[in-house]
Amino acid sequence: MKMRSALDFFFSLAPGAHPRRGLSLTLRRGVARPRLSVAAGAAVLLLAPFHVHAQVSSDRLLRATAEARNWLTYSGTYQSQRYSRLDQITPANVANLEQKWVLQAQVFGAWQATPLVVDGIMYVSQRPNDVVALDAKTGRVFWIYRYTPSPDQRVCCGSNNRGVAILGDTVFMGTLDAHLVAIDARSGRAMWNVAVAEAKLGYSITHAPLVVKDKVIVGVGGGEFGIRGFIAAFDAKTGKEAWRFKTIPEPGEPGHETWKDDAWKSGGGSIWVTGSYDPELNLTYWGVGNPGPDWNNEQRPGDNLYTDSVVALDADTGTLRWHFQFTPNDPYDYDSVQVPVLIDMNWRGPADNVAKLLVWANRNGFFYALDRATGRFLSGNPFVKVNWASALDERGRPIQTPQPAGSPTWPGNQGGTNWYSPSYSPRTELFYVSAWEGYATIYRKETSVYQPGRNFSGGGFTVLTPVPGAPTIGVGRRSPINNWTDAVGHGSVLAIDPRSGETKWKFEQFDVSDSGILTTASDLLFTGGREGFFHALDARTGKLLWKASLGGQIVNGPMSYEVDGRQYVAVISGNSLVAFALRN
Amino acid sequence: MIAILCAVLALAVQTSSQDHPGQYSAIDIEAGSRLYAGQCALCHGPNGDLVTTVDLRRGRFRHALSDEDLGRVIRAGIPDAGMPGFALQPSEVDGLIAFLRAGFDLSATAVKVGHPERGQALFEGKGGCGACHRVNGKGPRGAPDLSDIGSIRSPGALQRSLVDPSSAMLPINRPVRAVTRDGRTIRGRRLNEDTYSVQLIDDQERLVSLMKTDLREYEVGTTSPMPSFAKTFNGDELANLVAYLLSLKGTQ
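Chains as they are written, first to last, in the numbering used here: chain U, 8 to 591; chain E, 181 to 432.
Just chain E, same shape as in the assembly (with noise of 0.2 Å):
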């Protein structure tokens, strides 16, 4: 009941010190850089990297995949693994909460990071996301798989592309249109390109690799051709679906 009581008093204390939706103010991460100095740095050290296979800059925990699991760390501790809890205010764990979702960087976003199981709902239910990406050998080809999105993008890049997908939209992932001498229009994804060809996975989700002086037109787009989810999802909602796509680590 306490529990709650506190995720309430947090989640409001988030709401109103907001900049923008699903993310930490500027304030948070400055006071909780401050906290940390004190607090933390002696243990995790002034990088985050001093515990091993923890990253706190990184976003590389042991204990912890979303918020509420950070803020729990650090409120209990973890006597097993010699870390005391620390009795701090809900807006001082928000603080460095916001610290260690900035990466450490003052002038960085930090995004919030909800629940990865109500992320997966809004995933394959209300967004629809499965409709063009494929995770996990489920879902067409046609968008990028998003199988280890977690392990290469940041929470802020996530979020990124869930409000303004092109400002985004990775250099590689660009979309192709491709108009051969023979007159056939080729339309896809771009894989790799070099000089003289371009790999791409076209519409049809077939693999296509084109010689360049085969081509009579060849354009990259920059307009990612996902459209924006800032109207369809709120601040929490996008906290889960980022805090979904983070635990995506990828199979063998």
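So here's chain U without its partners, still in its complex pose (with noise of 0.2 Å):
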């Protein structure tokens, strides 16, 4: 209660931010009924069809926080916490969750994208580069913005798109085929597009953009095509290119030392999740991918900068203040492509300062906490089984422990988590993460010779199995018998304490998961998993409060918004987007 009112005192000082006073704007223009007055207040939410349309201004994205009842950003503020200060759905009230729409795709195939939800409209991307703006309250649909890829795309991993970013009155898609494209959010028409990079090259973009200030932030895909990734702002007005990082640093520059020969022409270092910010320090940071080829280090002696690592980049002009690697001269392809994420809290107990910390649960099985001006080591530890490294040093640079040839390497390709976001709690201090968990593979190097456009791996893997050919986890789930079992792992939400690294609880399921994990002010805990379960767990103990068999696997992040004094949780399975609310 204590939230709501603050927050309420927060809209009065927020001209055209309150869904009450912009309908009231709405009505006063005529639209409505003639008789209906503003003073009908309540009613009029019930009744009227009208949303408002108050522009997303840039200080509105810095203080996403403070507006509970929307998700503007992919990972809901630019803290990326995924953290819903709503607290309508309890604990105590959570088994009262019904389903209050369903928004059925056309298209099909994994649907990983997160939705943004502004003042009652949702917007959501769908394969392969459709943005649908619907009505958050019913499920409605107001306008489908289709946009075909050049057959050039290639895309090592299907046509997934994770999501879309909105400044003003414009929503922001990056595409397979390497552009970024400006859409009106009121008529859903394209404003400009433009190419960020050469798709017959392997380029792509698959993440949702950041938006920060008057720019817009995109990286590329392509880690398994031997591109040379960058990431690039653009103005948000026009698409002229701002400025451009990249991760593969050329001769001359600062890092090039870590690549030996040409190596670097064909080094990777995708970007295919979005990244965060932080606005006292005007860093943006975000995760690299894999250096290429993907599982051959000896075509790439060194270590390979500045693939798995994270970047802070100054958010106007794109120059790099410090990195951190995590796994250097990788061949078991940990992109760091997770989500950083950004905490304040006490370091090392209450008595310390409050540091402004970068938790991170990485691909390669360790989880970190760097301090985020600086990029500084502060500890790293194993949340899951891992051989390839025996422990980090004193500056976080793994031990590596190469297996021999034909011996499982922990965690195996997919990782101990992987692009799918975590979670962090202010209120119970505690990190989530979908894990896998007794997980491992098989590398294999081969020598690959790169050619432009083409796959550009270096080897492959197997996967663990208890029997020789026995069926294996793949890459997203295609059946609805899980032939695989648990023998070759299985998923769980891990509840990690970011001071000590120690995981407080665990929630197992019996396939693995890809579900990102929401947390809401009231201490809840939403995921999904490849079984198509929604479930809702109390963030505190990890007990299970509540499910739904939704029968498709869910491969996004859900997230919460609040329309007309209703919470809703919204969540993706399989082709449906649903949404949940309490039953009336």
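None of these hints come from the bench; they were simulated from the model.
Distance ranges between label pairs, derived from CB positions:
no., chain 1, residue 1, chain 2, residue 2, range
1, E, VAL359, U, ASP351, 48 to 54 Å
2, E, ASP229, U, ASP176, 51 to 57 Å
3, E, PRO407, U, LYS272, 55 to 61 Å
4, E, THR232, U, ASP268, 36 to 42 Å
5, E, ASP235, U, ARG251, 43 to 49 Å
6, U, THR155, E, THR360, 50 to 56 Å
Using N, Cα and C, we set each Cβ at its ideal position, and we do this for glycine too.
Using the supplied hints, reconstruct the complex from the two chains, each of which is provided in its own coordinate frame.
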């Protein structure tokens, strides 16, 4: 309740941002029936199908935390905690959740997008590069923007798109053929479209852009095609490129010495998950993908900066302020494309000053805490079984222990975790992540010759199975029958104490999970999994409080929003986007 | 007459060089690998899949099922398809077949594949396999239905299933024992499982779905209920049974 009144106070200070105020403006313009008066208040909210079109200013994005009813960026706020301050749904009443609406996509395949919600309107991307605007209260669609990627597009792992960004009245989407498109939020029509990179060389954009001030920031995917990755910012009004940071330094640039000969030219360093932003430091943080070729590190001796690293860039210029590399000279495909989670907490006890931290459960199986002002390594501990490194040294560099050829490596190729968004609750001070446990792979190195736009992988891997030739976990679930079973790995939600790196509790599933995690101000945790169950857990204990069997794999991040005083939780299962709220 | 003699000779060579009953030796596989690179790869490709509808590495052939068929094709060729015959020594032919059966993997096991019709006789007769397994609508349903086993398992896995069933049992097929809260014991073979439930076929051949919260005990065994046939069959018989199982490609 305290939170609610504080928010009301904030909204009263923010003209145009309050839904009731916005509605009254719409009514005054005479769109509604004349006999309705502004004073009709709450009754109108239930009857009238009007929505506010307040502009999403960059200031609103900065203060997204204060707009609990909205979900303004891919990860909820710039801190990327996926923590909703809404608290109408509680551990006591979560059993009363019911499905309010479903949007059935007409396109099949893994649906990884996190929707945005702005003042009652939801924007969600669907395969291959459509954007749908819908009424967040009913699921009815206003418009669909359809973009057909060029036949030149090449993506390793399906026509994925993880979401959109918004600024002003414009929605931004990166495309499979590496374009950035600006779409009018009301008409659904394209305003501008720029080529960010060349699709036929294997470049693509699959993550949601990040808007900071007047710029739209995106990076490029294509780590399996020998690309040379970069992060670039574009003017939100015109699409003109403002800056570019190359994730593989060129000759003469710092970091280039971590490459030998020409290996940097096909060095990878893809970007395929959205970064975060700290307004005080004016730094934007991005996780960088694997080096190319993926598995044969003998073809690229050296640390291979800035692959498998987090980079902290000046948001105005793209200048590198610091970097931290998780997996130097990686032969395991341990992309560091996890969402950078920014938290402020007392580090090592309440007597200390509040530290500005960057916390990171990496695909390589270690959980890290870094000082996000300087990139200084604070701590790192394995959160799943790890045998590719024996430990991290005092600077956070792994002491690598490569396994003999033909022997299993833990964690396996898909990692201890992967791209799916974790969550952090400032109330429980726990970090939550979907982990894969009991999962290992056997790597194979081969020599790959770089050919433009062709697969450049340097080998392959097989999943460790208890019986040769047994079915294994695939990239995505393809059958309602789990014939691979937990014998090759299973998913767990881990609740990690960022100070100690210790797992406080875990919630185990039979199949693995690629679901993101949402926590709320009422200490609820929502997550899914490949089995199609949508679970609500007690964020303090991990106890299962409620579940719904939605049938299709959940490979997106659940999110929460409020319309007309009602809290919703939305999740995508299979080809369905489902919104839940409490029973009337 | 000559053909029979060749076959007998080939058998003798195989028997002398084999490490395990019904398997080719590592030496055979390696010799085959060298021959393949020199004689076969030009048309069939380094991965054995350059000729349409043929995948030598994965055992997809147009004109052969058993090792004997493969030997005949290698020696005589398929003139209509443009494949010449190769005048190779019997041991060389064996090497090539071993390399194919090992899936082009020098570290793998190459299982001999005999005569499917003889294997079928063993399956139905001496082996008594039909007492538990069902094939094309005949037989009970307790053990896995084998109607399409030839398209989902490799020769190596099939042979292992015969000699050491537990080491080859697919995890999904593991036997389940559940005791419900009201004290009923249910035994069966697992068909599917998730975090909250398990689906199985019980020993009465009924399809059963259980919620784990309704169970007092739930055990998934790792020992196969199938006995080993290592002492029942000799190497040739195993090869014949594998040939029969490989011939089962499923019906629609």
